[in-house]
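Undergrad: Put together the whole structure using the sequences plus the hints.
For reference, the chains in residue letters:
2 protein chains.
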Amino acid sequence: MIKANDPTLKSWVEVPKNSDFPIQNLPYGVFKTDYLEPVAGVAIGEYIIDMVYLNEHGYLDGLGLPIGIFNQRYLNDFISLGKPITNAVRERLSELLRHDNSQLRDNKKDRELALIHMDDAKMLVPVRIGDYTDFYSSEQHAYNVGSMFRDPENALLPNWKHLPVAYHGRASSIIPTKVPIIRPKGQTKGPDEAAPSFGPTKRLDFELEMAFIAAGKTEMGENITTADAEDHIFGFVVFNDWSARDIQAWEYVPLGPFLAKNFASSISPWIVTIEALDPFRVAGPQQDPKVLPYLEYEGNHHFDVNLEVDIKPENADALTVSRSNFQHMYWNPCQQLAHHTVNGCNINVGDVFASGTISGSSPDSYGSMLELSWMGTKSITMKDGSERKFINDQDSVIMRGFAEKDGLRIGFGEVETKVLPSL
Amino acid sequence: MIKANDPTLKSWVEVPKNSDFPIQNLPYGVFKTDYLEPVAGVAIGEYIIDMVYLNEHGYLDGLGLPIGIFNQRYLNDFISLGKPITNAVRERLSELLRHDNSQLRDNKKDRELALIHMDDAKMLVPVRIGDYTDFYSSEQHAYNVGSMFRDPENALLPNWKHLPVAYHGRASSIIPTKVPIIRPKGQTKGPDEAAPSFGPTKRLDFELEMAFIAAGKTEMGENITTADAEDHIFGFVVFNDWSARDIQAWEYVPLGPFLAKNFASSISPWIVTIEALDPFRVAGPQQDPKVLPYLEYEGNHHFDVNLEVDIKPENADALTVSRSNFQHMYWNPCQQLAHHTVNGCNINVGDVFASGTISGSSPDSYGSMLELSWMGTKSITMKDGSERKFINDQDSVIMRGFAEKDGLRIGFGEVETKVLPSL
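Residue numbers (the numbering used here), protein chains in the order written: chain A, 1 to 423; chain B, 1 to 423.
Hints are computed from structural coordinates only; laboratory data are not their basis.
Please note that a few of the clues may not be correct.
Said to hold, decoys possible - Only some residues are given here: those of chain A computed to face chain B with a beta carbon under 7 angstroms:
#	residue
1	131
2	156
3	157
4	162
5	166
6	171
7	221
8	249
9	258
10	343
11	375
12	379
13	382
14	386
All C-beta atoms in this analysis are idealised placements derived from N, C-alpha and C, irrespective of residue type, glycine included.
TA: Below you can see the structure in the form of structure tokens.
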């Protein structure tokens, strides 16, 4: 067992009940304040540990950390140090923060300067993202979409159970929580219309996804096996892959989604390490037909992470419209990475690999409005009585993820995005 | 007229007949030598001007260039200075290099240190590429592919003449000339096979493309009009979008090409500025049906650039297998950029936007082996008598581009890539 994961550990930092950030989590992020340039931080309870301060004041001595490693806009250089070092940092933090360690706890000045309340910080995208890939790995989602757009009898395309289908997305428009998006405009054409028309999307949608962040760089020609894949995974975030369904329907044949997706994707601020998720491993589904040898795997590489989506109209309370789970994946991250690199495609630290929309088998676990409203054929009633088939202007979409087991809860925080009207 | 484009200008640097790099070109690149770290250079004749040396020795004074702007691995910061400055640098170089300017010509030491023979340099990818987009904008290519895979009567999909179809590609695997690629492996399944199999691609192909490099950054929500688009285009390169046709056929429905493309794309080393291409503008095709207003444009934004592809077997002479032209585009770069950003998608300096395979109307102008061999139904005979339907191991594929008019030739140099066998 990883020592920092010990469920009996308590911290001298107060951690509220149901916090996403107990001492067993210690996720990494990048934050700024009114007086601090962007620096690396680690979440605990309602606080952010300023990693620059800790490193400069000797609390991380002996771990082989270069000077200035946390004093950067992005975590890429830190992640590039490799798992033996990044995991040792997590272990050291776990030591420093445990209730019976007085080193930082009893140094009033250091404690006050090293711990910043989350309310005083703004979270940023934590890694410089070279490339972003979006998979399509939830069977129920692929089945739902195939049923709606094609045929329920042949909902899954012939390749779907043989390979983790994916496409490349846009890295430039990945944004952190609390940055609003603007309703995109584009071409749409209904089946009965003679020509396309132009205007704001009428079918703005979220996609409930998780994403992993690459920990290791490979060279062109190299491939990563399923057995080695987790060494190349730093951690996970919750990922909202914004979509404009009407633009998508008109543009996507034959080369896939483009403007329907590339205007924005929102990510949760904290990268929860794969090591912190270790207690929440579960077995994946039996894969039938049998996969090709390079996609076979041993062990449990699915994770039991509860996922929720709220819609919050401007002047009303939020309503949870979907409750799904990261374990509803047919293809796990190790298979995704093995497939992605089997042709020699190289990856870089900080690359983002999203899961695709994660839908469970019950209708209230579907991960998009497209599925929840079944292509706009039914509505969801908000708490103020208004109805939604897709997302309205001024709505905020809030996604959450948390794993829970034996009294231990490891969470991702929220990713919240408000939709502003088209310009 | 742009002064540096004056066709009567001569340089004191010897420029061989049919050189791609007369004084009217002055393209930008990044090179290294045995004793120099990567720095910015400009091509003239058979030489590279070391821009660091010129800047440090006062030859570029008064242009507002920051110290160290050329002493970088990538041109992004230089390009970010904006067109008024980058164009002023080209004008200054044109002045310095003209036959009657003695300033550098007659300073033996500076001349010898500032001019490096191309044989002594290795060219690198010149920009840090945030995102790479591949369009599909040549009508003949789309028609050929549609005829082969679907139906000659309905070869173009319904959206093709309404919007410049595109998808996101992989930025990490874009490589410079003279870097070999390794034949990718992957899943393939023929129509008569019960299950997919795994192995090296049997249908490795090139795609003859041009690409433009973004000069300007936009914010999310902003869009670029066709009228403003050229301000956001720094210049052009020749682009070989390597493809594995058998992998592509099995994987690409419904989300587009992925592993069939993301193992490698090769680019020519010199970015020829859009200003240098100004004399080679031509009108584009009449677009029918009429495009939506945001895709309308005024003026000539197509370019008459000859494109050639050679295949060179390991121990035989090269054969030119395709002669195409950049003007065979239905959608021009301004329309591509206007479409790409009409939904508010943001772009960054250094982003790459490739044209898609450029095929002319005659079969010897098709830009891929898929089309030249018509899906493998006919062969091309090499000079050593061997035959090609696709690309063999140890073959080199060499692409060239050059514009020629009234005795002036502006070229791109070559992008040459050797194919090594699968590991």
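Undergrad: Now look at each hint and say whether the structure bears it out.
TA: Okay, the hints, checked on the actual structure:
1. 131: This hint holds: residue 131 of chain A lies near chain B, its Cβ roughly 5 angstroms from the closest one there, short of 7 angstroms.
2. 156: violated (11 angstroms)
3. 157: Because about 6 angstroms separates residue 157 of chain A from the closest Cβ in chain B, which is inside the 7 angstroms limit, the hint holds.
4. 162: holds (5 angstroms)
5. 166: Nearest chain B Cβ about 5 angstroms off; hint holds.
6. 171: holds (5 angstroms)
7. 221: Because about 4 angstroms separates residue 221 of chain A from the closest Cβ in chain B, which is inside the 7 angstroms limit, the hint holds.
8. 249: With a closest approach of 10 angstroms, the residue 249 of chain A hint is violated.
9. 258: holds (5 angstroms)
10. 343: holds (4 angstroms)
11. 375: violated (16 angstroms)
12. 379: violated (26 angstroms)
13. 382: This hint is violated: residue 382 of chain A lies away from chain B, its Cβ roughly 26 angstroms from the closest one there, beyond 7 angstroms.
14. 386: violated (25 angstroms)
Against the hints set out earlier in the document, violations occur for numbers 2, 8, 11, 12, 13, 14.
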